[in-house]
Amino acid sequence: MIKIETYTRKSREERLEEIKQAAQKVFLRKGFKDTNMEDIINETTLSKGGFYYYFKNTKEIYFAILEEKSDNTIAYLGQMFADNQDTIGEVVDYLAESIFEDFAERRLFLMGLYESYYDNDFMEKFGLIQEKYVDLTVNIIIEKHPDMGKEKLREKINFLYTLYHNFVINCNMMAGKNIYKRNKKYLKDLFIDILRD
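When you line the sequence shown up against the working numbering, it's residues 1 to 197, in that order.
Treat the hints as calculated values from the structure; they're not laboratory data.
Please read these numbers as outputs of a predicted model, since none were measured by experiment.
Note that CB positions come from ideal geometry on N, CA and C, so glycine has one too.
Among the hints, a few may not be true.
Claimed, not checked - With a cut-off of at most 27 Å between alpha-carbon atoms, the simulated DSSO-like pairs for lysine-lysine come out as follows: (1) K188 - K69; (2) K188 - K132; (3) K177 - K69; (4) K56 - K30; (5) K69 - K33.
What the hints assert, rightly or not - So the derived label-pair ranges between C-beta atoms look like this: (6) D93 - K152: 14 to 24 Å; (7) S116 - K152: 24 to 34 Å; (8) K48 - E143: 23 to 33 Å; (9) Y53 - K188: 40 to 50 Å; (10) K33 - P146: 43 to 53 Å; (11) Y186 - Q21: 36 to 46 Å.
Work out the full structure: start from the sequences and follow the hints.
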């Protein structure tokens, strides 16, 4: 089948965005594990050869999407936390509230977390992304609370994000949402205790 739009002249950035949007659509519909390159190619206007010029496999595409979504979230959080005087309260509120949210990026993130159990590349990628979140959060809190020890705070924030991801998995994949919602206050108290120790 000839794709009519195949010959439309697009920039490299436009092609990459087209591929990432198509891949996200397919990943959300089929899951990462059940998605192959042909599935994604069929959602784009590119030929097979043109497509493989940009990405060699589904993992590369997934990582490009994950990196972009993470960078956008980090920029958003950086602005949100920086604009607030009570940074610790803001971090705690954001984490406790966002556990319950269900959105496309969250489902993509959970797919990758699942894959990290079986694939070291995924584990490494998620570790690097968590480091970015930890760095952002530590730097913003230290800026407003310079009396807190940076290394001790880094350990606490790293633990907090690790704990947060476990709550997200349980809440979204193991039908724990209602119990977490009923006990949100205790979550916030736990998060504050970790940070203020």
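Going down the list of hints, with the structure as the test:
no., hint, result
1, K188 - K69, "holds, 25 Å"
2, K188 - K132, "holds, 22 Å"
3, K177 - K69, "holds, 24 Å"
4, K56 - K30, "holds, 19 Å"
5, K69 - K33, "holds, 20 Å"
6, D93 - K152: 14 to 24 Å, "holds, 22 Å"
7, S116 - K152: 24 to 34 Å, "holds, 27 Å"
8, K48 - E143: 23 to 33 Å, "violated, 49 Å"
9, Y53 - K188: 40 to 50 Å, "holds, 48 Å"
10, K33 - P146: 43 to 53 Å, "holds, 46 Å"
11, Y186 - Q21: 36 to 46 Å, "holds, 39 Å"
Going down the numbered hints, you'll see the structure goes against just number 8.
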